[in-house]
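Asks: Hey, can you work out the whole structure from these sequences and the hints?
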Amino acid sequence: MIDLARSTNQETFVMNLGPQHPATHGVLRVKLTMDGEYIVNAEPVLGYVHRMHEKMGENRTWAQFMPNTGRLDYLGALSYNHGYVKVVEQAMGIEVPERAEYLRVITVELNRIASHLLWFGAFVLDLGGFTPLLYAFDDREHILDLLESVTGSRLTFCYFRFGGLYNDIDDNFVTGTRAFIKRLRKRLPDYHNLVTKNIILIKRLKGVGVLPAEMCRKYGATGPVLRGSGVQYDVRKNEPYSVYPELDFDVPVYAEGDSMARYMVRMDEIEQCMRIVEQALDKLPEGPVMAEKVPKILKPAPGDYYGAVEAARGSFGVRIVSDGTNTPYRLKLRSPTFSNLSLYGEASRGMLLADALALMGSLDLVIPEIDR
Amino acid sequence: MLSELIKEFAALEPLAIIETDYNVKGYHLDVEVGPEQVVTAAELLDRLGFFLEAISGVDWLGKTPVGNQPETVTADEPAEEGGEESEAGAEAESKEAPGDKFEVVYDYNRTDGELCRVVVRCRLDRDEPEIPTISGIIPGADWHERETHDFFGIVFTGHPDLSPLLLPEDADFHPLRKDFKA
Chain A
1 MIDLARSTNQ
11 ETFVMNLGPQ
21 HPATHGVLRV
31 KLTMDGEYIV
41 NAEPVLGYVH
51 RMHEKMGENR
61 TWAQFMPNTG
71 RLDYLGALSY
81 NHGYVKVVEQ
91 AMGIEVPERA
101 EYLRVITVEL
111 NRIASHLLWF
121 GAFVLDLGGF
131 TPLLYAFDDR
141 EHILDLLESV
151 TGSRLTFCYF
161 RFGGLYNDID
171 DNFVTGTRAF
181 IKRLRKRLPD
191 YHNLVTKNII
201 LIKRLKGVGV
211 LPAEMCRKYG
221 ATGPVLRGSG
231 VQYDVRKNEP
241 YSVYPELDFD
251 VPVYAEGDSM
261 ARYMVRMDEI
271 EQCMRIVEQA
281 LDKLPEGPVM
291 AEKVPKILKP
301 APGDYYGAVE
311 AARGSFGVRI
321 VSDGTNTPYR
331 LKLRSPTFSN
341 LSLYGEASRG
351 MLLADALALM
361 GSLDLVIPEI
371 DR
Chain B
1 MLSELIKEFA
11 ALEPLAIIET
21 DYNVKGYHLD
31 VEVGPEQVVT
41 AAELLDRLGF
51 FLEAISGVDW
61 LGKTPVGNQP
71 ETVTADEPAE
81 EGGEESEAGA
91 EAESKEAPGD
101 KFEVVYDYNR
111 TDGELCRVVV
121 RCRLDRDEPE
131 IPTISGIIPG
141 ADWHERETHD
151 FFGIVFTGHP
161 DLSPLLLPED
171 ADFHPLRKDF
181 KA
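Chains as they are written, first to last, in the working numbering: chain A, 1 to 372; chain B, 1 to 182.
Careful, some of the hints might be misleading.
[Unchecked claim] Simulated crosslink set (DSSO-like; lysine-lysine; CA at most 30 Å straight-line):
no., chain 1, residue 1, chain 2, residue 2
1, B, K181, A, K299
2, B, K7, A, K55
3, A, K55, A, K203
4, B, K63, A, K299
5, A, K182, A, K197
6, B, K181, B, K101
7, B, K181, B, K63
8, A, K296, B, K63
9, B, K7, B, K101
10, A, K186, A, K218
11, A, K206, A, K186
12, A, K237, A, K203
13, B, K63, B, K178
14, A, K197, A, K31
15, A, K218, B, K63
16, A, K237, A, K218
17, A, K55, B, K101
18, A, K283, A, K186
19, A, K206, A, K31
20, B, K7, A, K237
21, A, K206, A, K218
22, B, K101, B, K63
23, B, K7, A, K299
24, B, K101, B, K178
25, B, K178, A, K186
26, A, K218, A, K31
27, A, K299, A, K55
28, A, K283, A, K293
29, B, K63, A, K55
30, A, K218, A, K203
31, A, K186, A, K197
32, A, K296, B, K178
33, A, K283, A, K206
34, A, K283, A, K299
35, A, K55, B, K178
36, A, K182, A, K237
[What the hints assert, rightly or not] For each label pair, taking beta carbons as the anchor points, the in silico distance ranges come out as:
no., chain 1, residue 1, chain 2, residue 2, range
37, A, L352, B, S3, 47 to 57 Å
38, B, G136, A, A179, 21 to 31 Å
39, B, A10, A, G152, 33 to 43 Å
40, B, R47, A, P295, 49 to 59 Å
Just so you know, the hints here were simulated from the structure itself, not pulled from any lab data. Remember, predicted model here, so these are calculated numbers, not experimental data. Don't be surprised by glycine CBs; every beta carbon is placed ideally from N, CA and C.
Replies: Shown next, in the form of structure tokens:
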């Protein structure tokens, strides 16, 4: 790493990365102050896809906000559905049938695999490898087809309801999911042979973009970013919700804190997701997928409530404030990548531009979820 | 963890400390402090290994804040709104126009040890919404404070850069204020 103190007051220049740049995966602009190839300062500029979801929440009913939750993180939308219904059910004391909870877990985990697969393809694309993207999209397509058959949509899901689900699954979904898992189990070794063991990838990622655990804590980073820095924190384990306590799965943790560690965490998570889905399918109980006594008009008792779930990118939290009426008084969305990206300025200081792009890719950014 | 934390907080003499029902509220401890204490509270939680999940603002224009009212109070009163109004009325008599409030809520959490979610809240006068920044202690608060400034116009004194983060760079409005009309 270059000694930046030496080069201060020497010639630096400002460069814009984005807002339209393939490596930022959406409209994110980063204002870079460069000293040659080295970054002196990086300032992410947000807000290009800001839609003010929190204000929208204040002028529609609790149920009407549901579709908005599918439009934050378009790669892992079901987790966001889950976070929102979880906190409202908690505030209202709504009991969810067990079958619905299992189906929530199955679909959320499938969605997580899809999200990680897309990240995998796009990340390697950032690093200059085009082919893996096609492999990843091929596999991801199967998940989207499966989810489409039960939820009715492919990306912006609105599948969960307060007290259950919109739709039950059929036998085709079960056989299709089992077949897909079998297929992906065969494909993952290919991914590792093609990409993980690739010497170029290793050289680009190993020891690059190290995020110490303390930095992650100071910035509130969660999810694979935090677990890649050696911290065993996963909302599904630390704050058990739904039927996760009844399922046996591991939380992959890598202590190195470099981009390679974050890469490995997500690749291992795909395997754990498959374990969860298989077990949940085995244990899936019969019964209704919707609670019987859910009031048509929801009026949570006045007060504020907080609920968090583990989304594909980290801890997604919803803080609701109710004044006892049928519309939220305040609805705060705590998105994981907002916090994960906020450490970028400090973490990228003194890095080579190409390495900083690898670091950005390893954070797994979804811009609409940051901007909300 | 929780009892230790309550002891540490009690030493700060906050306006209120309430142990909450996690299964309903989603957090364990609710601490209300004055604006001069948010930095001390942040230092305390940072020292104990907590991290900041989020900062959210709430505009209580024309309303009595209900955030941390003990659950029994709201449950026991069927005529909820009437109760609130009379309460506000009584306050107005004694203090002469209590004035509307902004609320800033800090959500803290920890990654190790026993699960413990802590909410620190602070109420500000709506006419003069100023509160010291905690970004010097917790750098992650920087963006959260900027966002809260965008949406509510709450000024975090000592913050390095309060220029709009999510809103357009020339935005002179604060959309989450209850009197904001699009």
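Asks: Could you run down the list of hints and mark each one as holding or not?
Replies: Do the hints match the structure? See the list:
1. B:K181 / A:K299: Holds: B:K181 and A:K299 sit about 25 Å apart, inside 30 Å.
2. B:K7 / A:K55: 38 Å, violated
3. A:K55 / A:K203: Given pair A:K55, A:K203 is violated - Cα atoms ~45 Å apart, limit 30 Å.
4. B:K63 / A:K299: Holds: B:K63 and A:K299 sit about 18 Å apart, inside 30 Å.
5. A:K182 / A:K197: Holds - the C-alpha atoms of A:K197 and A:K182 are around 23 Å apart, at most 30 Å.
6. B:K181 / B:K101: Given pair B:K181, B:K101 holds - Cα atoms ~19 Å apart, limit 30 Å.
7. B:K181 / B:K63: Cα-Cα ~18 Å, so holds.
8. A:K296 / B:K63: Roughly 26 Å separates the two Cα atoms, so the pair holds.
9. B:K7 / B:K101: 28 Å, holds
10. A:K186 / A:K218: 40 Å, violated
11. A:K206 / A:K186: This hinted pair holds, its Cα atoms lying about 26 Å apart.
12. A:K237 / A:K203: Distance ~33 Å between A:K237 and A:K203 Cα, so the pair is violated.
13. B:K63 / B:K178: With a Cα-Cα distance of about 11 Å, the restraint between B:K63 and B:K178 holds, given a limit of 30 Å.
14. A:K197 / A:K31: Given pair A:K197, A:K31 is violated - Cα atoms ~34 Å apart, limit 30 Å.
15. A:K218 / B:K63: Cα-Cα ~35 Å, so violated.
16. A:K237 / A:K218: Answer holds: A:K237 to A:K218 is near 22 Å, not above 30 Å.
17. A:K55 / B:K101: Holds, because 19 Å separates the two Cα atoms, which is no more than 30 Å.
18. A:K283 / A:K186: 24 Å, holds
19. A:K206 / A:K31: 26 Å, holds
20. B:K7 / A:K237: 28 Å, holds
21. A:K206 / A:K218: Holds - the C-alpha atoms of A:K218 and A:K206 are around 24 Å apart, at most 30 Å.
22. B:K101 / B:K63: 8 Å, holds
23. B:K7 / A:K299: Judged against 30 Å, a Cα distance of about 35 Å means the pair is violated.
24. B:K101 / B:K178: Holds, because 11 Å separates the two Cα atoms, which is no more than 30 Å.
25. B:K178 / A:K186: 55 Å, violated
26. A:K218 / A:K31: Holds, at about 23 Å.
27. A:K299 / A:K55: 19 Å, holds
28. A:K283 / A:K293: 25 Å, holds
29. B:K63 / A:K55: Measuring from Cα to Cα gives roughly 18 Å; hence the hint holds.
30. A:K218 / A:K203: 29 Å, holds
31. A:K186 / A:K197: Measuring from Cα to Cα gives roughly 17 Å; hence the hint holds.
32. A:K296 / B:K178: 27 Å, holds
33. A:K283 / A:K206: 40 Å, violated
34. A:K283 / A:K299: Not OK: A:K283 and A:K299 at ~34 Å, beyond 30 Å, violated.
35. A:K55 / B:K178: Between A:K55 and B:K178 the Cα gap is close to 10 Å, so the pair holds against 30 Å.
36. A:K182 / A:K237: 26 Å, holds
37. A:L352 / B:S3: 47 to 57 Å: With a Cβ separation near 49 Å, A:L352 and B:S3 satisfy 47 to 57 Å, so the hint holds.
38. B:G136 / A:A179: 21 to 31 Å: 55 Å Cβ-Cβ, so the 21 to 31 Å window is violated.
39. B:A10 / A:G152: 33 to 43 Å: 53 Å, violated
40. B:R47 / A:P295: 49 to 59 Å: At roughly 44 Å between Cβ atoms, A:P295 and B:R47 fall outside 49 to 59 Å, so the hint is violated.
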